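Protein chains in written order, with the working numbering: chain A, 786 to 1122; chain B, 287 to 528.
Careful: at least some of the hints might be erroneous.
What the hints assert, rightly or not - No farther apart than 27 angstroms at their CA atoms in a straight line, the calculated lysine-lysine pairs in the BS3-like style are these: (1) A:Lys-804 with A:Lys-1114; (2) A:Lys-804 with B:Lys-402; (3) B:Lys-500 with B:Lys-488; (4) B:Lys-358 with B:Lys-488; (5) B:Lys-375 with A:Lys-804; (6) B:Lys-402 with B:Lys-375; (7) B:Lys-395 with B:Lys-443; (8) A:Lys-804 with B:Lys-395; (9) B:Lys-488 with B:Lys-352.
The set of hints was computed from the structure by calculation and includes no laboratory data. All values reported here derive from a predicted model rather than from experimental measurement.
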Amino acid sequence: MSIAIPASISSRRIPVLPKRGQISWFEIVLLVISLGLVVSGIAPSLQDVILLSFLFAGLGLAWNIAGGYAGLISFGHSAFFGVGAYTSTILLLRYDISPWIGIWVGALIAAVFGSILALICARLRGPFFILSTLAFAEVVRIGALNWSSLTGGPEGLSIPPMASLAGMVFASKATYAALMLGYLVFVYGITKGLEASRFGYYLFAIRDNDDAASAAGVNPLLGRTAAMALSAALTGVGGSLFAQYFLYLDPTYVISPELSFQFALLPAVGGLGTAIGPVLGSFLITPLSELLRSHLGNAAAGLHLVIYSFGLIVVMLYFPAGLAGALNKLTRWKPFS
Amino acid sequence: MSTLLEVRHVSRSFHTTTAVDDISFAVQPGELLGLIGPNGAGKSTLFNLIAGVLPPSAGQILFDGKPVTGWKSHDIARIGIARTFQIPKPYRQLSVVENVMLSAFLREKSLAGARKLAETTLADVGLADYSGAPANSLTVGLLKRLEVARALAMRPKLVLFDEIMAGLTPTEVGVMTGFVAGLPARGITVIWVEHVLYAIMKTATRMVVINRGKLIAEGAPAVMARDPAVVKAYLGEEMVLA
């Protein structure tokens, strides 16, 4: 689903199933189907679900750069999502700066937040690191709640619902779906590029063994900080897009542990440290949670969470390497080859 | 030729224990220096001080005449000192060749170039057949060879080998010993910590013996095997070299 085919490997045969650093037929077909869903305008009632699946796939991919590739399991990524969303929205409402520019400013500020988190937690590992990321997001959330002059505090901020291209507000959901698919393809391209780069290998090394990486001349702190900054920046972009679609922001929703867990969950279900993983995770989980919520939300409050959690347990039990891992197992009993 | 590595009055204490106590020695280019001593003598601590894993509590370390005391290990790696780990530390989720590529990146910035250097180095240590295998599928003996390959792919001036023979079969020890003996001729100076004494005694050009954090003897392997202090501290009985 990417456009960035590294020159050195594009000359080889295209594999059927996803491979690290290479574009496969599977990804091309998935992209064509996704484009088809956007362009054809099939099932208008499902357009919300489709565009959210795209957005969350992108967000899962962004999280995966830190969590899957660099081994920095974070439950605080909603802080970066919130920083991105608030930055572009504040720039738009206060200074009339187009979100097309504001998004990148938000990404930059989110990257700064990401670097700060990585440096604060430099010496922490495992559960200690995870808990610190949770706490970090809480600090950002409480900061946003109380700095009312900037963020509007608990009342939040609203973007006027006037459709305009410069304002990045659209009347049709199909346009939003195209925008979110563009975001997904963008983050996917960066992920694939990372897989085929020296920097990507540095991250694998730092994730798998800090001491060995350091003995090979890799600076682990620098690698971790860069990975977290990149991951945060891309998450921030997703936050801005979300704000432009939802047209309303408040700290309790955009900076919440629930959202942070969601970002981590999609790659975990789809396959940590793979490019296709977060996409498969989102295409499965996002529609499931949206549909369950809308169908069961009123009849039996909370029941959708029960079904949802049960599904997760099944995936974790039977596909510990995620959906991407299950996909790779297919190669073993392929009738041809 | 000028001294490659100089360790000057280096000490390292952990709380009340002094693991390395005022050790001084020098290594000339092209040497194959054996570093031996009983368990807990401070060999690994000394290695970690040279490799930048730990800063010394006192003393100085010079490499190529330049003070490198207290440098971080990634900076030490970049100036040409490679090391292996006593307990292998592979990148478990990567393939064997990718493990070596990460070291090769120090010399070859492109992926293709690094892969080529890694493949050559793997062939050198007899791991060519395992190039594509996942690192976590290797046996201990193969992991030790992977450690050696990773160190050599950095094209170091000085390599620190930390018990690369432990867990190898006698045949493997023979092959590895011959391989290590050939390194100085290729411009790689070696400091080698080893418990498999017959291997190191046969190969080393010079030995340094430490016990309880102190350097107790220094000289040719054959002389060391008869040095009363060494025999008392470590060997227990006189060694007869073939």
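Each hint tested on the structure:
Distance hint between A:Lys-804 and A:Lys-1114 is fulfilled; the C-alpha atoms sit about 13 angstroms from each other, no more than 27 angstroms. With a CA separation close to 20 angstroms, the supplied pair A:Lys-804 and B:Lys-402 stays within the 27 angstroms bound. Taken as a hint, the B:Lys-500 and B:Lys-488 pair is honoured in the structure, with Cα atoms around 24 angstroms apart against an allowance of 27 angstroms. Between B:Lys-358 and B:Lys-488 the alpha-carbon distance is near 34 angstroms, which puts this suggested pair outside the 27 angstroms criterion.
With a C-alpha separation of about 25 angstroms, the suggested pair B:Lys-375 and A:Lys-804 falls inside the 27 angstroms cut-off, and the hint holds. Distance check on the hinted pair: B:Lys-402 and B:Lys-375 sit about 22 angstroms apart at the alpha-carbon level, within 27 angstroms; holds. Distance restraint check for B:Lys-395 and B:Lys-443: the Cα-Cα separation of roughly 19 angstroms lies within the 27 angstroms cut-off, and the hinted pair is therefore satisfied. For the hint pairing A:Lys-804 with B:Lys-395, the CA-to-CA distance comes to about 22 angstroms; that is within 27 angstroms, so the pair holds.
Between B:Lys-488 and B:Lys-352 the alpha-carbon distance is near 32 angstroms, which puts this suggested pair outside the 27 angstroms criterion.
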